[in-house]
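*Asks:* For the sequence shown, full-length UniProt numbering begins at 1 and goes up steadily by one.
Treat the hints as calculated values from the structure; they're not laboratory data. Here the structure is a predicted model, which means the values were calculated and not measured. Don't take every hint at face value.
What the hints assert, rightly or not - Distance condition first, Cα-Cα at most 25 Å in a straight line; then the derived DSS-like pairs of lysine-lysine:
id, residue 1, residue 2
1, 161, 249
2, 161, 215
3, 163, 215
4, 163, 144
5, 222, 249
6, 277, 222
7, 215, 249
8, 146, 161
9, 234, 163
10, 234, 222
11, 277, 249
12, 234, 249
13, 234, 215
14, 146, 249
As the list claims (entries may be wrong) - Pair by pair, the computed Cβ-Cβ distance ranges are:
id, residue 1, residue 2, range
15, 223, 57, 20 to 28 Å
16, 155, 222, 47 to 55 Å
17, 22, 180, 23 to 31 Å
18, 42, 234, 42 to 50 Å
19, 233, 22, 25 to 33 Å
For each residue, glycine too, the CB sits at the ideal point set by N, CA and C.
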Amino acid sequence: WDGYRILLRSIDGDFRLTSRSGIDMTADFPELRSAADELGLIDVVLDGEVVAVDSSGHTNFTLLASRNNTAEAYSLKLYLFDILYLNGTSLLRKPWSERRQLLEALAPAFKESAYVEIPPLLPAPGSAAVSHSRDHGLEGVVAKRKTSTYQQGRRSSQWRKQKNWSDIEVVVGGYRLGRGNREGVIGSLLVGLPEETGLRYVGRVGTGFTEASLKSLAEELKPLEISRSPFLEKLDRPVASTATWVLPKIVGEVRFMDWTSTGHLRHPSWRGIRRDKLPGDL
């Protein structure tokens, strides 16, 4: 899918949504509180991804990231694909095949739900699954061994991901104003990746924005403006002389084609702010 990875926790009447890094996102998605009613007295911790589905039926991360500043029609969905805890029992050490059966047993609870869904398995070879994901505009495929356990907080060789494109999370360190029809507003963002000694510059992002996202970015970056560059490298004079620097606090997602020989993003496009991430998570 193409959204925010979410853990749904509903235990003893306490309902909570958290990101992988532990950020509480319950207030960000009030619609999903209905899941607690649908689960009733069942105590669970579920793993899934919340997405915005556009009018064409495709998941759209840009819509999700700017959902509070867009008039475009979309529907919110939480797709559930794993279960970690059920009625007092941890399932982390259970094989995936057993966890999947338990997850599917919850499907009737969400049968009438407008927001929560347990997507069906695709009984096909891996190559067919990849083709299916491309045809439906999905981010890619995650393949899990049927015997695999759920390993929190680290990558496992038992789970393999194949993406249809490259996405990366970056930190905004500055911006430049645009020209022409973008005169007076943000024309490009200057982004980097955190390292032990500071922020390493990886390039400029000047496409992928909507009017609403540009306005929102300007409002969020204004209070963060500083007088000196937060980047480790000394940027080229044409860029540095027209840049406005900001405290590196905002994490964003960028889609790109490849890396240049100088370590910069090739053909990057802005996808949106990652409100579920902090710079220290990268």
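*Asks:* Going through the numbered hints above, which ones does this structure break? Give me the numbers in ascending order.
*Replies:* Result: hints 1, 2, 3, 9, 13, 14, 15, 16, 17 and 18 break, sorted rising.
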